[in-house]
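Chains A and B supply the protein sequences, listed in that same order.
Residues 0 to 333, numbered by numbering that gives the first Met the number 0, are exactly what the first sequence covers, in order.
Residues 0 to 348, numbered by numbering that gives the first Met the number 0, are exactly what the second sequence covers, in order.
What the hints contain is simulated information worked out from the structure, not anything from laboratory work.
For each residue, glycine too, the CB sits at the ideal point set by N, CA and C.
All clues given are correct.
Which residues of chain A face chain B? A partial, calculated answer using Cβ under 7 Å:
(1) Ile78
(2) Val80
(3) Ser91
(4) Gln94
(5) Thr95
(6) Ala98
(7) Ser112
(8) Val113
(9) Pro116
(10) Arg204
(11) Val206
Per label pair, the in silico range of CB-to-CB distance:
(12) B:Leu333 - A:Lys329: 45 to 53 Å
(13) A:Pro208 - B:Ser62: 29 to 37 Å
(14) A:Gly163 - B:Asn162: 37 to 45 Å
(15) A:Gly74 - B:Gln173: 44 to 52 Å
(16) B:Ile47 - A:Gln212: 43 to 51 Å
(17) B:Leu203 - A:Leu155: 54 to 62 Å
(18) B:Lys240 - A:Lys100: 49 to 57 Å
(19) B:Ala180 - A:Glu68: 33 to 41 Å
A few chain B residues that face chain A, going by a derived Cβ cut-off under 8 Å, partial list only:
(20) Phe59
(21) Asn65
(22) Asn68
(23) Gln72
(24) Ile75
(25) Asn174
(26) Thr175
(27) Val176
(28) Pro178
(29) Ser266
(30) Gly267
(31) Thr269
(32) Asp274
(33) Asn312
(34) Gln315
(35) Leu316
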Amino acid sequence: MSDEFEGGVNRRNLLKLTAVVGAAAGAGLLSSRPASAEEELSLKGKRIGISTAGTDHFFDLQAYNAQIEEVKRLGGEPIAVDAGRNDGKLVSQLQTLIAQKPDAIVQLLGTVSVIDPWLKKARDAGIPVLTIDVGTTNSINNSTSDNWAIGKDLALQLVSDIGGEGNIVVFNGFYGVTPCAIRYDQLVNVIKYFPKIQIIQPELRDVIPNTVQDAFTQITAILNKYPEKGSIKAIWSAWDIPQLGATQALAAAGRTEIRTYGVDGSPEVLQLVADANSPASGNVAQQPAELGRTAIRNVARHLAGAQLPRETYVPALLANKTNVGEISKKLGIG
Amino acid sequence: MLVDTSYPPPSLDGFNSPAHAAEGTPKPVHGRSLAAVALRQGSLAVFIGVLVYFSFAAPFFLSIGNIGNVLGQSAIAGVLAIGLTVVIIAGGSNVVTGGIDLSLAANMGLSAAVYASLVQAGYGDGLAVAGALGTGLLIGAVNAAAITLAGIVPLLATLAVMNIVAGLELVLTQNTVVPAATDFLSALSAAGPFGIPVLAFVLLGFTALAAGVVQYTPLGLRLYAVGEFPEAARAAGLRVKLFITGAFLASGLCGGFAGILSVSYLSGSTTGAGDMLLPVVVTALLGSVFSRRLLPTIGGTLLATLFVSFLINGFQLLNISSTLVSGVQGLLILLVVSATTLLQRKGNQ
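The following block holds chain B by itself, in its conformation from the complex (with noise of 0.2 Å):
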């Protein structure tokens, strides 16, 4: 399934030759699919077994004021792993040398601080929106050029640009909260219909959106044929370079735009943003026990996004510390990360 050339997987019958081992041989099998679909459906009953279990210990849980309340809590985590999501797709999931954005939650910061200094010099909320996502999308090109251009591996270029961001941050609000309201920040960080946040609707809205094209038009198709296996999308007569040009940008934008919610939600630009960088990698990796094939996908990362804050919310409500959600967090994404990994081997065989 996944084209896993830095990493040949170890033949135990020693008649692979190199060649054939560093082509890759994406051939399903039967075992693999089997044990594939029992990842998937025993994660499944993980996530509505803790459900179940919070929902009985604390009746509160099930309310809709209190599920409304964890969708929008999961916003701008949801919009940033799913902008990582479209970046892992389209550079392949292998955690090194594969897609990743390392730089999506300094790019929240910068487009947060760009949003609130601007509404602070005085400039209204339309001004402020076009210089956070033009701010997301120019993070984006610079990704784009260091990968695409440079040749640099993702992991290291967006690194190096998670530095550069992280400090303009700094340089701009002088690592001060740079408080922000306006009519339309009040109305994005207060309740809609039923009184459930209007940042939950935004995230559901975001996420249909995201995946509409992601998993259901030929864009999207091709944007896994690239990640998947370049070599054969590229025969294909698929320009490889403008896909995952067109994925940093996508996900440049999605910091963008988590910027600005951010903003709604903390009535300002706040220091720290760093912080959000584990959590939204955690949620994307752990996204592709939730897809039929383990592949990442918008749908199985909104479903990560909310187990995690889903049990963040059950431990307060159970008034339980929440220092163990990181914990569990960490124990979660090492269990899915080794699940996959046994899984992808075996199927490589």
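Looking at chain A on its own, in the form it has when it is part of the complex (with noise of 0.2 Å):
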């Protein structure tokens, strides 16, 4: 009995377990569609055109060599050009490769103003422009995070941390880029509710090249105009170089109270977020790498006769004091 009951019991497990089985595997089927529909994207044949503004960042070599690799995977041949931060360099670089007529151009950050109408000019000569980070009409589709929700959840971390008053210094020098003016802009529109929240006057503004020492030398010399602890409760920057040289400034003047705050995910800051005794509270890690392969898959959509939305959002992580290792461990650092 109890065995025929274990018996009937095993079958009925076994019933089970296969119904599971093939329920999975249905699954799996269904769930492999989009991913098959994926391997179907091909470049086979196809010049992309890869223009970055640098590579001196990790957040844009991350995603210069994804985008590179990724055409690569999909059987096309990247033509890339790499800027170094100068925009003479970057509308030259532009210019040649337009007239290399490739079948796509993707642009990686850049000045708006400056690569505008050069982009205009490959549009105007028939070549499909995509772009990451760069927001302008010209371009089919925009590669990008989220960055209102960066900004916000960056703002919101900041005036949790100090408790929704004080004041804070802030590095702007890049509201011509228009991530950096979102993030910007949310920041101020979260602080606008918390009237105890000033921004110090004047703003900083973050330089390229020497962002490090220039934004440690800014901090140094707010910080002997600010003396007493308290008088200043956190450090904000639209991405995290400057954050960087401002944590390294608190340290080497021993006002680690103060916290730093900034977003990209490059690996120095997120270790200092890591360190207890560090003043870096705050970064927003952007998925560099994976926003590069997305531009690229979304190229060979387009030219596969797809219709693309305005933007394609990549999520981002906040990494704070609690969670930095686990945000590493999913950017694959650290």
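Each of the two chains sits in its own frame; use the hints to bring them together as a complex.
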């Protein structure tokens, strides 16, 4: 009886198991359908122009290399040019790239007012233009992190860490770069409702190159101007290289009660966030390699005749003192 | 050929009296001029060789459109290098003690910033052009005053002025991009006849004008005289300081003009003008290998500018990393400077 019962259970279990396996296989088939559609994407015989403002930051380099690899993986030929943060070189390279008539051009970063006339020339020449982190009407599709969410998450983290009041120092040197402008505007939007939070005027200007040294110098100077502990609560920057310089300056001056915030998830900054004694308190990490791959897959979809949305968002991840280990693991660093 | 008072050529025979060495003896030696011809022909051969190689490797290279693009892309650097060439001619081509204008790239940056700021403030192109050229001229005047009145070595004087000018640009632009769009600027950055960029014609026209003055007028000849042998020029009744002042004013004006071109090319004034300095110095120095007697000339400078631009362009067309270009540029300048230095030593013996 018990044997029978057990046997029955076993059979039933077995049935269940096969059902589960079957369902899993079915689900697998279902879920693998979009994946196989992805594999059908191809850039065989296509020449894809990849132009970047520079590759001197973790973000740019990851996105740039991921694009080149993705084009090759899909069977295309990348024509990749790196302007080394020089606008003159960027424009020359775009001009030559347009004359080379590739099947598409993907522009990664760059000051809109400088590159936009040339993106328009590319479009006028019949070359599809896609962008990563560049807001322009001359691009068919812009792959970007949701910078509104990034700006809001970072601002809320800052506000909650400093208890909703105090002076904050802000680096705002690149308001001309769309993602930086959005993040800054979001900060302003959030602190509007915390009237006890004040941005110290004048705002600081972060620079390229020598970003770290310059931020270090500027923060050291402002610390001398505000020598009392508590007179500054936090330092905010739209990316994390100024954050790096600021954090170092705070450590050097022994003002580690001030917290720093930035965006991009540069490995060295995430390490600082992970250090319990470091002033680095928040960093929103974008997924640059994923952004690069997404843009290239969008090129393939466009060339295959698909309709693309204006913007494709790749999620960003807020790292703070409590979850930074987990985020680093997700990004494949640290 | 070149009076090299600070670096007396090493005398192998030991019979040169110090006075004799200090005077310098620009006595053409047959072997030297042969070597100079070889270097010049060699450089031209390398230039042509590179062009031929690129044309075969990347068929698109030789198209009118691409050549026009390269000419247009060379316009800003070309105008700056021509300004520097004038200063080198008037001051002598010793890199340390001779004529040099390190403030040129910063000058371009500030002039561009002035132009863009004036446009932003609602002024017209006429005033903006005057503002940019005036800025350049003023910087040239400061350089000239520091060198001729205060007697500072050009290398140091223009280095100091470079820092002042770069600082002023930061103050004016707050280190941000100042966009500027006007009909005049779009016309300048558009394509002209045969689809060749207008900037290409600007470069050619400007070179022709500068070459006309420097290479084919008595004024130009005196400029060379002042630079190569100031004592003799003075003895002949030339007012050396006036010529040096004029050269720095001309170079300042070139900086202002390049600033206007830069505003049109980049649709505004942008940061990082200082990056142009080294390529421009390299170009102006490289230029002398394209001249018959290894002298800085306007034509030689144009060829050198185009050579560097064609290299960059060819590398992109061949899909070779553009990071290699600066290495190649460095290698070229090292070769050129060593070759000319060796030849000059040989000539002075």
